[in-house]
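Throw the hints in and build the complete structure from the sequences for me.
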Amino acid sequence: FLEYDFGDRTFDIVCMWDTIEHLNNPDLLFKKISNITGVGALITITTGDIDSLNSRVRGNKWRLIHPPTHLHYFSKKTITKLLNKYGFEIIYNRYCGFHRSIDVIAYRLLELQRKQSKLYSILRKLGLTNTSLYLNLYDIMYVIARKCWNNIISWDGFYNVRNIRYSLKIARCSSLDPFSIVVYDIC
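Residues in the sequence shown are numbered from 493 upward in steps of one, following my numbering.
Hints listed in this document are in silico derivations from the structure and should not be mistaken for laboratory results. Wrong hints could be hidden among the right ones.
[Stated by the list, open to error] Derived lysine to aspartate or glutamate pairs resembling EDC-like cross-links, with alpha carbons at most 16 angstroms apart:
hint : residue 1 : residue 2
1    : Lys569    : Asp595
2    : Lys523    : Glu495
3    : Lys568    : Glu581
4    : Lys569    : Glu581
5    : Lys573    : Asp543
6    : Lys524    : Asp500
7    : Lys617    : Glu603
8    : Lys610    : Asp595
9    : Lys553    : Asp543
10   : Lys524    : Asp497
11   : Lys523    : Asp543
12   : Lys617    : Glu581
13   : Lys568    : Asp543
14   : Lys573    : Asp519
15   : Lys577    : Asp519
16   : Lys523    : Glu581
17   : Lys524    : Asp504
18   : Lys524    : Glu495
[As the list claims (entries may be wrong)] Pair by pair, the computed Cβ-Cβ distance ranges are:
hint : residue 1 : residue 2 : range
19   : Ile636    : Gly551    : 28 to 38 angstroms
20   : Asp595    : Phe493    : 34 to 44 angstroms
21   : Gln605    : Asn552    : 36 to 46 angstroms
22   : Asp500    : Ile583    : 18 to 28 angstroms
Keep in mind that this is a model prediction, so the values were computed, not measured. A virtual CB, placed ideally from N, CA and C, is assigned to each residue, including glycine.
The following block contains the structure:
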């Protein structure tokens with residue numbers, strides 16, 4: 493992505509699902525994104541929140557601490573600072589959850605951690621693992637930021653970027669490739 497020459501093309505939406513924590517230098521990525529996006533463009537990001545209650549309570553045992561694959565950790569404050577540096581204003585920053593299969597949870601807990609193969613087998617035969625649940629541990633940020641006019645954050649003058657309306661292409665990201673950067677044009 494960093495080496496790719498986009499020429500004079502610009503993009504309206506850039507999506508990064510569980511990506512920035514894996515990069516050697518996130519600054520270079522955001523600089524590139526800033527150069528290929530125009531006023532009103534959106535950037536969407538998911539990444540762990542190192543300042544979350546879950547992270548602070550779990551410390552080094554927090555589920556998202558796993559070097560060497562995670563090279564950087566962000567908080568709401570640091571992601572805001574980084575995005576602002578490249579002309580983006582955060583318009584949405586909330587915690588998101590995920591769906592997990594009861595079977596996967598039971599397998600990891602009973603089979604792998606507690607060595608309870610028999611109990612796991614009984615639960616499967618009874619059909620008690622054939623569902624999923626939504627889990628939000630309030631430690632993964634889902635951030636949407638908008639590129640501001642002339643890189644001025646929160647400017648409310650003649651051209652108010654907060655009132656731009658969007659018609660967006662919807663795309664499905666593959667769960668098999670969570671480390672991806674997806675770039676879209678507005679319809």
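Checked hints:
no.	hint	result
1	Lys569 / Asp595	violated, 36 angstroms
2	Lys523 / Glu495	holds, 12 angstroms
3	Lys568 / Glu581	holds, 13 angstroms
4	Lys569 / Glu581	holds, 12 angstroms
5	Lys573 / Asp543	holds, 15 angstroms
6	Lys524 / Asp500	holds, 13 angstroms
7	Lys617 / Glu603	holds, 15 angstroms
8	Lys610 / Asp595	holds, 14 angstroms
9	Lys553 / Asp543	holds, 14 angstroms
10	Lys524 / Asp497	holds, 10 angstroms
11	Lys523 / Asp543	violated, 25 angstroms
12	Lys617 / Glu581	violated, 51 angstroms
13	Lys568 / Asp543	holds, 8 angstroms
14	Lys573 / Asp519	holds, 11 angstroms
15	Lys577 / Asp519	holds, 9 angstroms
16	Lys523 / Glu581	holds, 15 angstroms
17	Lys524 / Asp504	holds, 14 angstroms
18	Lys524 / Glu495	holds, 10 angstroms
19	Ile636 / Gly551: 28 to 38 angstroms	holds, 29 angstroms
20	Asp595 / Phe493: 34 to 44 angstroms	holds, 35 angstroms
21	Gln605 / Asn552: 36 to 46 angstroms	violated, 18 angstroms
22	Asp500 / Ile583: 18 to 28 angstroms	holds, 27 angstroms
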